[in-house]
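Take a look at the letters that make up each chain.
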Amino acid sequence: MLKIAKYIILDIVRSKVLLAYTLLLLAISLTIFLSDADVTKGLVSITTVILIIVPLVSIVYATTYYFNAAEFTEMLVSQPISRRNILLGKFIGISSSILLAFFIGVCIPVCLFAFSATGITLMISGCLLTLSFISLAFLTSTITRDKAKGIGLALMLWFYFSIIFDGLVLLFLTLFADYPLEKAMIVLTALNPIDLARILILLQLDISALMGYTGALYQQFFGSGIGIVFSLLMQMIWIIVPLFFALKIFKKKDL
Amino acid sequence: MMRSLIVKIGLLLAMPLPLWAHTIIVAPGTKVVTLKQAVNLAKNGDTIRVEKGTYISLNTIVDKELTILGQNQPILDARYQEEVLTITSGHVKLDGFIIQNSKTGSMRDFAGIRLSNVEFVTISNNTLVNNFFGIYLSNCKHIQVLHNHVTGSNNIENSGNGIHLWKCKEVLLNGNYVTRHRDGIYFEFAKKCLIENNFSEKNIRYGLHFMFSDDDTYRQNTFKNNGSGVSVMYTRRIAMLDNTFIENWGSSIYGVLLKEITDARIEGNHFIRNTTGIYMENSDRITVTHNDFISNGWAMRVLASCNKDHFTQNNYKGNSFDVTTNGTLKEIYFNDNYWDKYEGYDLNKDGTGDIPYRPISLYAQIIEQNPQSVMLMRSFIVNLIDKVERAIPSITPESVKDEKPRMKLWKR
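Residue numbers (this note's numbering), protein chains in the order written: chain A, 1 to 255; chain B, 1 to 412.
Bear in mind the hints are in silico, worked out from the structure with no lab data behind them. If you're wondering where the values come from, they're calculated on a predicted model, not measured in any experiment. It cannot be assumed that every hint is accurate.
Straight-line distance between alpha carbons at most 27 Å, and here's what the computed DSSO-like set of lysine-lysine pairs gives [stated by the list, open to error]:
id, chain 1, residue 1, chain 2, residue 2
1, B, Lys341, A, Lys251
2, B, Lys202, B, Lys103
3, B, Lys103, A, Lys41
4, A, Lys41, B, Lys387
5, A, Lys41, B, Lys169
The task is simple: from the sequences and hints, build the whole structure.
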């Protein structure tokens, strides 16, 4: 399993796409930090960018790579290696190389310029977000056989989580404005890894006091130990569950 | 004739003090061991000097025109049994004491220093610790309260105001520091007062609270991290100049809350990291100019009940929301402000943008209707709908706009 991961890492690290992604993140973080004296504001801007770019690149790149390496997978399957090990090896390989890019592109600048509770939250949420979207990428890749379909599905998923979902939430809020929705909102948040990451970061930043009663409830929940554990757990579920289904499909799949 | 009369009057005024004024010294272990004894012994115009030590003072009443000076900060202690000191005579000067432990209660407002129906009194350089009310002025005129350090008990159920004025006129508060009281500085029916260089922080309720106090001027004060910020109500013709409102942060906490204020001038203030910089309700003819609103949640919340207010030459920078409202704003004028969210251009390079800026964003309107949608703050969709609305305004109020937004930050 780890050997497969190692091959994949070596393969990806040499590719130009990952390098470009690293440089893009690095450029964004450095530009924001260097152009704005206010570190907190810089973190807010980085959050906004990361919440769009990181899921997109993670899911699309992982899907593309999965399909591009289909022949390698076929070759591996013919070897005496369990399918579970093959898929997990691939997952570890791809995710660790994308995480490496995120680490260089975001974590290092944040550590240098804005090492604080908010910064740490940003880094952790960013990493978890990367992992959950790679996991989703694996699910889409195993579901379909066709590369174009797979990438299309991946893009759809990204579009859903970063735009449509929030639009639906907004619609939901407007339709049911007369009802107490605080608890429902916490559940809704948990249904979207991007929202989870965003709320976790924003609670460290400006949002908490702005939210009045809702905010107090949110702060109480997500600010508490249980809330943090809950949201980390939810992020974990967003990593594990798609991967689990991907594994289940992959095991039975006729390649 | 006239001249000699003036000389005579001058002599009459000048002579008595050096001729008959005595100095009475209060010190432990001497004939006079309490301030009360000294006041009984003294005559109008005398000076009482209190040496270093701790004195029990159960509501010592100063009913003569005295100068009372504390040497090396003597302590007057009421041991939670009474008020500490009450001044009922005019022309008193009280300087340099530590005044502590007044009684608390719900029937009477026990105070560290109480001034009642007096004129021309100066309270300076005192340290008040752990009193129910700190300095309490009722029905006074021409009072100076200078450089006092007032610390309360921070007890939520049993805390009075730091400096409390009721029905006063022409009072000067300068250089006082108030903390851990209910309201730091409280004014009710206090007119024509000047409040300068005071520092009010970490009070349980408001840093400054005034009602029905017309024609007051607040200058260069700092109100920091108070339980509910600063609240001003039912008052006409006030001026708030060069004050700093900082870190009044939390739900329903305001930098300044204005309610039924008319003809006020708010100039040169700094609102930094407050949940809401200014909250305005029923406030008419207010000019807000040359202020800095930096890193607030809401820079301003102007309710629809406000009229004829002018906002000019302010800086709005790093606020989550610039302006919000709850309905249709009428006759609210924005002009020549700097907005960091402005995305217009300046083709003729005259320093003002060529297209108007609308300070009320669509998302701010949505939050107004539905507070729970705050959960979507800074999400992609919110940025998207805000951008669309800015490009093609349809829902945000047409009337609220800055026709000449400034391109660069106002330098002060």
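Q: Starting from B:Lys103, check that the Cα of A:Lys41 is at most 27 Å away, please.
A: Not satisfied, since the Cα-Cα distance of roughly 48 Å exceeds 27 Å.
**Q.** Given hint B:Lys103 paired with B:Lys202 - CA-CA distance at most 27 Å
**A.** holds, 22 Å
Q | 27 Å limit on alpha-carbon distance, applied to hinted pair A:Lys41 and B:Lys169 | A | At roughly 46 Å apart (the allowed maximum being 27 Å), B:Lys169 and A:Lys41 break the hint.
Q. Within a Cα-Cα threshold of 27 Å, do A:Lys41 and B:Lys387 meet the stated pairing?
A. holds, 19 Å
Q) Hey, B:Lys341 versus A:Lys251, does the alpha-carbon distance stay inside 27 Å? A) Roughly 53 Å separates the two Cα atoms, so the pair is violated.
Violated hints, in rising order: 1, 3 and 5; the structure is consistent with all others.
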